[in-house]
Amino acid sequence: MKNDNLPVRTFKTISQLMHHLHQPAPVHPLIALFTYDDMALIPFEEEQKIAVDFYKISFKTRFNGQVKYGQGHYDFEEGGLAFLRPKQMVTTSGDERSYEGFSLFFHVDFIRNYPLQQTISQYGFFSYSVSEALFLSAREKQIISDLFRSIEAELNNSADPYSQDVLVSQIALLLSYSNRFYNRQFITRKVISNEILTRLDDILENYFNDGTPLKKGLPGVQHISAQLNVSQRYLSDMLQSLTGCNTQQYIHEKLIDKAKEKLSGTLLSISEIAYELGFEHPQSFNKLFKLKVKLSPSEYRASFIYKAPFPANGHGT
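Taken in order, the sequence shown gives residues 1 to 317; the numbers are from our numbering.
Simulated from the structure, these hints should not be mistaken for laboratory data. All values derive from a computational prediction rather than experimental measurement. There could be a bad hint or two in this list.
[What the hints assert, rightly or not] Straight-line distance between alpha carbons at most 16 Å, and here's what the computed EDC-like set of lysine to aspartate or glutamate pairs gives:
(1) 260 with 205
(2) 216 with 280
(3) 56 with 152
(4) 262 with 272
Let the sequences and hints guide you as you build the complete structure.
In structure tokens form, the structure reads like this:
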């Protein structure tokens, strides 16, 4: 039965999670991989909130259930690749039907003192919600499957001084391929991405036109991404792919466009325009405008004042 009041079930160690899933204890306490093929999912309670203190990469080749993140669900029926960072919470559906694929778990201590410890934060998909998982083509599925199989084989080998080096390299390669495929997804799913972009433009237009900035200040990335029901990092990466701007830069571009409209088409003072756009201090508006336009607001306005058209008959009056 659905229970929205269930506490968050936190797994602090990989061994603890594997025990709960009725799996053998991991050979190495900081990394484990297991396959779901032909294995019934050990269900949590419906709507059970789960968090783990380590990284998780899930590759579902088939799954007849759903995973909930926030207010959205991700349907794995066609398979996909999803990433969870430490302490990120997800909610299960309690679906008991079987699914196939792999899950890789590794603790940050496993990659400590390797370059991956620093570069892993650059992979935005660890900050995406589960509903923004990576959908793979048949060719991509084969590549990812082979990588998981290679990691599985290495974990099953007898440990030697090179084992950790090899495994960390394999994880890094898996993440590099995932990054490539996510970028492909942004391109091939442009229709969906452009729909989000259109909604973003509408949200910003309404925000600047309905007096909200006077009450709430400048539009923030968190507010905008929540309105779009996407994670902040996914929105930023999507915009970077489509427009070359991250979310903050895109908001600033729209803000500057609105400022230009007011400077060229109204008699509002520069301070009034700054407040209407959500700035607490006109000086901050002046600084941003000059940074983006290479002219101060007053210089930009003056360029319109002194370009008034001649009367139609060609004679001044």
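Comparing the hints with the structure gives:
1. 260 with 205: 14 Å, holds
2. 216 with 280: 10 Å, holds
3. 56 with 152: 15 Å, holds
4. 262 with 272: Holds: residue 262 and residue 272 sit about 10 Å apart, inside 16 Å.
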